[in-house]
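**Student:** Order-wise, the sequence lines are chains A and B. My numbering applies: residue 459 is where the first sequence begins, and numbers increase by one. My numbering applies: residue 459 is where the second sequence begins, and numbers increase by one.
In case anyone wonders, no lab produced these hints; they're calculated from the structure. Heads up, the beta-carbon is just placed ideally off N, CA and C, and yes, glycines get one too. Keep in mind that a hint or two might mislead.
Computed, partial: chain A to chain B, Cβ under 7 angstroms [as the list claims (entries may be wrong)]: (1) M459; (2) Q460; (3) S464; (4) A468; (5) A534; (6) V616; (7) A617; (8) R620; (9) A624; (10) I625; (11) R629; (12) A637; (13) G639; (14) Y800; (15) I802.
If you want a taste of the chain B side facing chain A, the calculated C-beta under 8 angstroms gives, among others [claimed, not checked]: (16) M459; (17) N615; (18) A624; (19) E628; (20) Q630; (21) L634; (22) V636; (23) P795.
There are 2 protein chains.
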Amino acid sequence: MQLTESDLPALARGCAVLGTGGGGSVETAIPSALQALREHGPVPLVRLADLDDDALIVPMSSIGAPTVGHEMLASAEQPKRLREEVERIAGRPISAIMAGEIGGSNGVEPLAWAAQLGLPMLDADGMGRAFPELQMVSMHVAGLTSDLVILADVVGNVAALRPIDAIWSERQARALCVASGASTMMANYLMSGAQARGAVIEGSVSAALDIGRATIGHADPVAALTERLAARRLLDGKIVEVERNTGGGFVRGAVVVDGTGSYAGRMVRIEIQNENLVVFESGEVVASVPDLITVVDTQTAEAVSTETLRYGQRVSVLAWACDPLWRTPEGMAVVGPRAFGYHIDYRPVEEHVHVG
Amino acid sequence: MQLTESDLPALARGCAVLGTGGGGSVETAIPSALQALREHGPVPLVRLADLDDDALIVPMSSIGAPTVGHEMLASAEQPKRLREEVERIAGRPISAIMAGEIGGSNGVEPLAWAAQLGLPMLDADGMGRAFPELQMVSMHVAGLTSDLVILADVVGNVAALRPIDAIWSERQARALCVASGASTMMANYLMSGAQARGAVIEGSVSAALDIGRATIGHADPVAALTERLAARRLLDGKIVEVERNTGGGFVRGAVVVDGTGSYAGRMVRIEIQNENLVVFESGEVVASVPDLITVVDTQTAEAVSTETLRYGQRVSVLAWACDPLWRTPEGMAVVGPRAFGYHIDYRPVEEHVHVG
Chain A
459 MQLTESDLPA LARGCAVLGT GGGGSVETAI PSALQALREH GPVPLVRLAD
509 LDDDALIVPM SSIGAPTVGH EMLASAEQPK RLREEVERIA GRPISAIMAG
559 EIGGSNGVEP LAWAAQLGLP MLDADGMGRA FPELQMVSMH VAGLTSDLVI
609 LADVVGNVAA LRPIDAIWSE RQARALCVAS GASTMMANYL MSGAQARGAV
659 IEGSVSAALD IGRATIGHAD PVAALTERLA ARRLLDGKIV EVERNTGGGF
709 VRGAVVVDGT GSYAGRMVRI EIQNENLVVF ESGEVVASVP DLITVVDTQT
759 AEAVSTETLR YGQRVSVLAW ACDPLWRTPE GMAVVGPRAF GYHIDYRPVE
809 EHVHVG
Chain B
459 MQLTESDLPA LARGCAVLGT GGGGSVETAI PSALQALREH GPVPLVRLAD
509 LDDDALIVPM SSIGAPTVGH EMLASAEQPK RLREEVERIA GRPISAIMAG
559 EIGGSNGVEP LAWAAQLGLP MLDADGMGRA FPELQMVSMH VAGLTSDLVI
609 LADVVGNVAA LRPIDAIWSE RQARALCVAS GASTMMANYL MSGAQARGAV
659 IEGSVSAALD IGRATIGHAD PVAALTERLA ARRLLDGKIV EVERNTGGGF
709 VRGAVVVDGT GSYAGRMVRI EIQNENLVVF ESGEVVASVP DLITVVDTQT
759 AEAVSTETLR YGQRVSVLAW ACDPLWRTPE GMAVVGPRAF GYHIDYRPVE
809 EHVHVG
């Protein structure tokens, strides 16, 4: 399968839904993806099963804020330099690049890089959604280590970090990103095809595409989305409260939605750390990480990111099952409610009793 | 020749004199050098002429402030990790390590690392003295580039930077050093034996040793030192003014010395940027960078660093000729008075008319 310019709207919509409120705003990633696909042509989307055991798979992402003034270099030189350094260190060519995180802009940006580099994109990611911290990836759960982090900044500097652990990988990558003053491209968890099997969430890109396609042009987009996701539609309502604090690279806060229509008289509170973490109704948890919780516009079914939540918006709150990998004891240790400071036991979203 | 524990006092004294007021306090470097030499035995001091054209020479230095709590790891693991990464990237074993800067503690520390690593030390450095900025090295003047900087911090993190220029190499190295909160070991300007010929200041380590030996136990150490250096003894006197501002990693300031004895009635002002830059007498320049200017204790001939200058100290001010490399047009562009913001033409110290 080839990803073309015409796939971009559906992909972006799907990535926003899978972003569960975070993962960066997809709007920022669309223009350069569009330009790259127009300039360099379609990007092959490959399945892990099609790659050899010794294929080199490189998850790529960006950290820090993109700045307009640096866009030219960012789009032209950064991926090239990152690739050169990766291939120099790995000693072999990259077979496919992968989104570290399919949710939000992080799921769309790699398409631009793949086009620019003339490389295939792997139909997989490391989360199947978005998560706020670097170690919250399937590769980590599978026992791969982030012991090599390669960075290329907008200035042209390249760095290869060999941190002692994930915390230092984050700290050092941020320090270099801050020093260069803007968005930096990152490759980490370099994997062979053999290592990737069982260590990545397969089918993420086609899932995002399918989600987008299910809603675009549909008469009742929220119903279509709910069906496609096999989601629970927890509430339709109006946003009546938004708390949001930004600091330390995270957005923390909560949003309260007051039910309307058939949901009148009910109310949910969604707690946030970049992504939507837990939904409470009448003091009870009705959905929690690692299951996916997304707030969508009730009319268009477009995902509303945590940054754009605003008082008075009419929204629907959906929750659906995460990838089975996150429900293993190893997955739960990394992204279960307790990993986010909640003293609650995880219950799969489909087992919660529907309050309504 | 082998460097042993008994050479350390002379080496340290000589490095302090060549530090021209800067290069870090030698006292901080002596304990670990002593321990390393006792534990691992003597370090061979090799001449560049004895190394093959394809030998791998690695200048090593430390950046940031050493902290006591990290000393153990710093002494044991840091040089090893730095060596491993250097050898991994270079693809061959290190033949000899070199002090990037012979002046001050930077001239003594590499002896500890050489002992710990069981490697020879090259009888050379990149300055023949101390200078405040990273690009002020002979390798830069000779056209070699600092396009690979390898760092090992006290935590155990290792990084290989490929900066676009010397300014970014400094900025990125500092950012990582600050992130790890303490002293970081650095290797840059990796060279082959062939590249090093003409690009390093040869004989620096033995020069430091000779300087130290010339003064220790001598009846008139300042006279002995002056003779050994073929220096001009600009003034003996008392410090009557010290200005010192610390900021941006630099100590800037000036010191005024009022002549005593046969120098009574005369006065000099020394301007400082980490190192002693220019000596003025009656508004005239009597010595300037890149020639060496050192303030020594009039009794012991021990060098007084810019950090320890204090009112009332009895000192002698010496100035002598720098390495010929710094007097070339290329050298002058990098370390001449104008490179430090002085709108004066350089005149070799030996050509200045003696005012006294």
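**Student:** Tell me, which hint numbers fail for this structure?
**Tutor:** 1, 2, 3, 4, 5, 9, 10, 13, 14, 15, 16, 18, 19, 23
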